[in-house]
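Chemist: Spelled out from the first residue to the last, the chains are:
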Amino acid sequence: MPALTEREQLSVVIEVGGLAVRVNTTDPGFLSLLQDRYAGYVGGSDRASDQAEVEFDVELVQPGFGDPEADVSVKHRLGRWSLERGDFLAEWDPATRRGWIRQSSNPYSIDAVLRIVHTLLLANRGGLLLHSASAVRNGKAFLFAGVSGAGKTTIARLAPPDATLLTDEISYVRRQGNAYVAFGTPFTGEMAKLGENISAPVATLYLLAQGSENRIDTVAPGEAARSLLANVLFFAEDEELVQSVFHSVFEFVNRVPVSRLTFVPDARVWELIG
Amino acid sequence: MSRLYVARNPRAAARSLDGEMMIMSGRDSTLFTLNRTATILWQSADGTTPLDEIVTRKICPEFEVETEVALRDAENLARELASHEIMQLSETPIETSTKRSPLAGDAR
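Going down the list, the sequences are from chains A and B.
Counted the way this note's numbering counts, the first sequence spans residues 31 to 304.
Counted the way this note's numbering counts, the second sequence spans residues 13 to 120.
None of these hints come from the bench; they were simulated from the model.
Check before you lean on any hint, since a few could be wrong.
Claimed, not checked - Label pairs and their calculated CB-CB ranges: (1) Arg-91(B) x Asp-192(A): 53 to 61 Å; (2) Arg-69(B) x Arg-155(A): 39 to 47 Å; (3) Gly-70(A) x Phe-75(B): 56 to 64 Å; (4) Arg-69(B) x Ile-246(A): 40 to 48 Å.
Using N, Cα and C, we set each Cβ at its ideal position, and we do this for glycine too.
With the hints as constraints, model all of the structure from the sequences given.
Modeler: This is how it looks when you write it as structure tokens:
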């Protein structure tokens with residue numbers, strides 16, 4: 031293997047939900063960081079650029095670049111997406127599928143960029159990124175949605191051995207025909223454990239509530255839609271895409287049963303699932 | 013007294029689910045769930061039917077309410093919806109785009 035030169039371009043393809051994002055860097059250390067961070071989601075770097083939905087060139091800057099707690103801004107200007115948070119700047123031209131990211135060498139900034147990019151990619155495809163844990167059991171995917179503290183991590187931790195965790199934090203849902211399929215994601219929450227890179231048709235979405243007993247209750251369609259809208263991950267200030275996401279939520283609610291899952295934090299709750 | 017005309021803002025996304033009309037502002041993603049009166053107003057807001065006609069023909073027959081009271085309430089409601097940019101309000105008929113939003117007024 032030839033020695034890397036300073037200008038040599040290194041690439042990694044990170045594929046989530048069947049949508050590939052190619053990341054180019056000249057820094058071997060950053061490449062290694064990405065390969066470790068997205069293990070299980072990394073495809074061959076020899077994959078052609080035109081097979082990626084987006085290709086980013088990463089420009090690494092010194093640490094302390096900015097504040098990762100700052101608000102995210104996602105805007106569409108002059109045909110280009112502009113993504114910005116305290117710790118990164120990124121641009122992406124959907125027409126050419128090329129873009130760039132400016133950040134320091136850390137996994138958190140690019141993880142945020144990838145989450146945002148996937149919300150945009152999914153918005154035009156009827157898919158959603160949801161604040162929910164998800165797992166596959168008996169060949170079916172179950173989603174557990176809720177705001178922070180609702181119990182997403184708890185329900186994920188309580189999953190029995192025959193359940194495969196897709197994520198403890200951000201569920202990835204795509205429409206396929208009249209059904210929805212959930213995919214594993216590398217987007218982690220408190221468990222900091224990557225989901226398995228598998229997919230399964232979504233059987234039920236549960237709205238989580240912690241209580242004194244394990245119980246499943248039906249949810250009226252309107253409440254289901256409102257709850258789902260509250261749990262959609264979406265950042266873009268773009269009227270057209272907001273409409274698409276709104277539409278997608280209603281399509282989802284029309285096709286996937288939504289119930290409320292009240293549970294006490296012990297493993298018996300999984301007796302109700304699957 | 014001049015008449016008021018109301019029209020759905022095509023930039024707002026609207027869906028009806030199980031009888032509940034929900035509208036999302038395209039401006040700031042605020043979600044509104046409309047009550048029965050507001051739903052009738054939204055569905056009738058074609059830009060060419062005056063508000064008083066909507067009230068007398070569509071709202072009053074649904075509710076036991078005096079026309080004057082219903083008209084005042086409807087006008088307040090229309091102004092509130094307009095303030096959130098989900099409805100347009102004018103003293104002249106409003107030309108609505110023939111290219112309808114794929115979501116606006118979609119009542120399933």
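Chemist: Range hint 53 to 61 Å: satisfied by the CB atoms of Arg-91(B) and Asp-192(A)?
Modeler: 57 Å, holds
Chemist: Cβ-Cβ distance between Arg-69(B) and Ile-246(A): within 40 to 48 Å?
Modeler: 45 Å, holds
Chemist: Is 56 to 64 Å a correct range for the gap between the Cβ atoms of Gly-70(A) and Phe-75(B)?
Modeler: This hint holds: roughly 59 Å between Cβ atoms.
Chemist: Could one say that the CB atoms of Arg-69(B) and Arg-155(A) fall in the range 39 to 47 Å?
Modeler: 42 Å, holds
Checked against the numbered hints given earlier, the structure satisfies every one of them.
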